[in-house]
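Student: Dock chain B against chain A, hints included.
2 protein chains.
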Amino acid sequence: MIMSVTFHQTAKTFSQLQESMVKQFEAADGSGTFKYHPWEKEIGTGITSVLQNGSIIEKAGVNFSKVSGPCTPALQNALQTKASTYSATGVSSIIHPQSPWIPIIHMNVRYFELSDGSAWFGGGIDLTPHYVIPEDAREFHISLKELCDRYTEQFYPKFKEWADRYFFLPHRNETRGVGGIFFDRIQASDYPLNNEAMTAFCCDLGNLYPKLYARLIDRYRDQWVSEREKQWQHIRRSRYVEFNLLYDRGTQFGLASGGNAESILISMPPQANWFYNFEPNQGSMEAETLTLLRKGIDWINYKADGISY
Amino acid sequence: MIMSVTFHQTAKTFSQLQESMVKQFEAADGSGTFKYHPWEKEIGTGITSVLQNGSIIEKAGVNFSKVSGPCTPALQNALQTKASTYSATGVSSIIHPQSPWIPIIHMNVRYFELSDGSAWFGGGIDLTPHYVIPEDAREFHISLKELCDRYTEQFYPKFKEWADRYFFLPHRNETRGVGGIFFDRIQASDYPLNNEAMTAFCCDLGNLYPKLYARLIDRYRDQWVSEREKQWQHIRRSRYVEFNLLYDRGTQFGLASGGNAESILISMPPQANWFYNFEPNQGSMEAETLTLLRKGIDWINYKADGISY
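Protein chains in written order, with the numbering used here: chain A, 1 to 309; chain B, 1 to 309.
This is chain A alone, in the form it adopts within the complex (with noise of 0.2 Å):
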């Protein structure tokens, strides 16, 4: 299948950007490396980099991938097209940290090409802190309206607005942290912006993303875990595991495109464990963080209302 030169352009900048996230996050861990993993399979090509038992982080992983092929029904639907066949690259990234006091982090960008000549960007960036900080939410939001601004200060408040809907446990009613943006099937001309302009945005959000989580890591890395935490940790980790297996469209598509399993799967959390009925205790710290997973939360303007750990 053809792909269009903006597609080749596109997916070598998405290329460089992991490089320059993999940089980021070794020199944010400290002695963590992660390491490359090139694959190519039916569909393409892509380079999965993993990180293991850092001193931070537990377990990350920065995915690129080109991949085209044709539409299945299954991609059809997931899609939403009738169009025959897609190009698709992006870089995907989630890291696990080893301490319960430092978030989950994911971003995302993308870029698609069908045959029937639509073409649009996707991504997102969300952190799930498995105790959720008022003030840290509220500093992750300001900073992704900034960046958000330089572009249009139209994307912002749809981008949170879509990410509070996206990044949902229906079946628990509850949000998978404090959100962040998301956007889909995005296509320059619909705003004051083109083809390039959306491209930059992509790699500021991937740059934006480690130094936003090097800020939470610096904030957290020497406050003292107990056994307490590692088990509220281990439970918020198996919401994870439900929302990516469950909900995520992503998952979905690089699983029924036939894409490489242990690389999609990259962001399963080292462990998570489930208890039946696991309920905190009232008015403490793990309670409280139930009570901020809620869509519709305003966390530029959120007052902490007396809530302090």
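Since the hints were made in silico from the structure, they are not lab data.
Each statement offered as a hint is correct.
Since the list gives no way to pick out one identical chain from another, each pair is judged satisfied if it fits inside one copy or across any two copies.
In silico DMTMM-like cross-links for lysine to aspartate or glutamate, where the CA-CA straight-line distance does not exceed 20 Å:
no.: 1; residue 1: Lys145; residue 2: Glu135
no.: 2; residue 1: Lys230; residue 2: Glu279
no.: 3; residue 1: Lys211; residue 2: Glu26
no.: 4; residue 1: Lys295; residue 2: Glu135
no.: 5; residue 1: Lys35; residue 2: Glu279
no.: 6; residue 1: Lys211; residue 2: Asp222
no.: 7; residue 1: Lys41; residue 2: Glu174
no.: 8; residue 1: Lys82; residue 2: Asp116
no.: 9; residue 1: Lys23; residue 2: Asp204
Predicted model, so just to flag it, every value in this text is computed and none were measured.
Tutor: Showing chain B alone in chain A's frame:
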């Protein structure tokens, strides 16, 4: 909505089956006891019974439910029907043992009635050894064939092949375990049987289930477990999580119909681990197990070919 007399009778029988199974598993464990958690939601009622941290059983669920409601588009899709309402009753159970030498096991029976007048039985049982021991798989399948043959010789070959197809992880290209039997949308009238016989078949299966498991408990309860086997158990459990959240129709039906999330997800293991690209050593018992996780093995006539751990 109006439920038929048959529906109420079947639900009562299944409720008694739950009690019978609970008693048998408590006897097999020796020290653990099930706690009963009745629930009531818009769609109906149920009793979740859970055993955690027994001597042999780490986590077990034996769930009964009796529900009905409108067939939403998601449910119409899941049930492949255009009927407007459904009623469903069933017992579903799963056991996660402490020891990796003892397999995970699952059993489920269910009865459906739709507003278009159709009614059917479904269910199944399957064994997921952390280490596949061919002789255990052989005994398991012989017992299932004996049970099936008492009703009709059509069942075992059909249901065994169905289990191979159903309990399969396409993204891993591996079966969940050594299979068992699986059946869905079975109408008594398609066989030389009536509804009473189908209900009896389901109950016989439900009562055989703890007996088959008790045999495996007796065989492996005293086998020494090292760190290596625990690690492998946690990896195998992660595959179990992947199957249940990505593919299991019962889980999807339950969550889509607004069922009780904690009851449905009682199937999740107490702990699961994901390591990137874990590959067991060549010739190890872990590697042997992977070669046996494939469809189409005729376990009843399987010759072990010198596999022995």
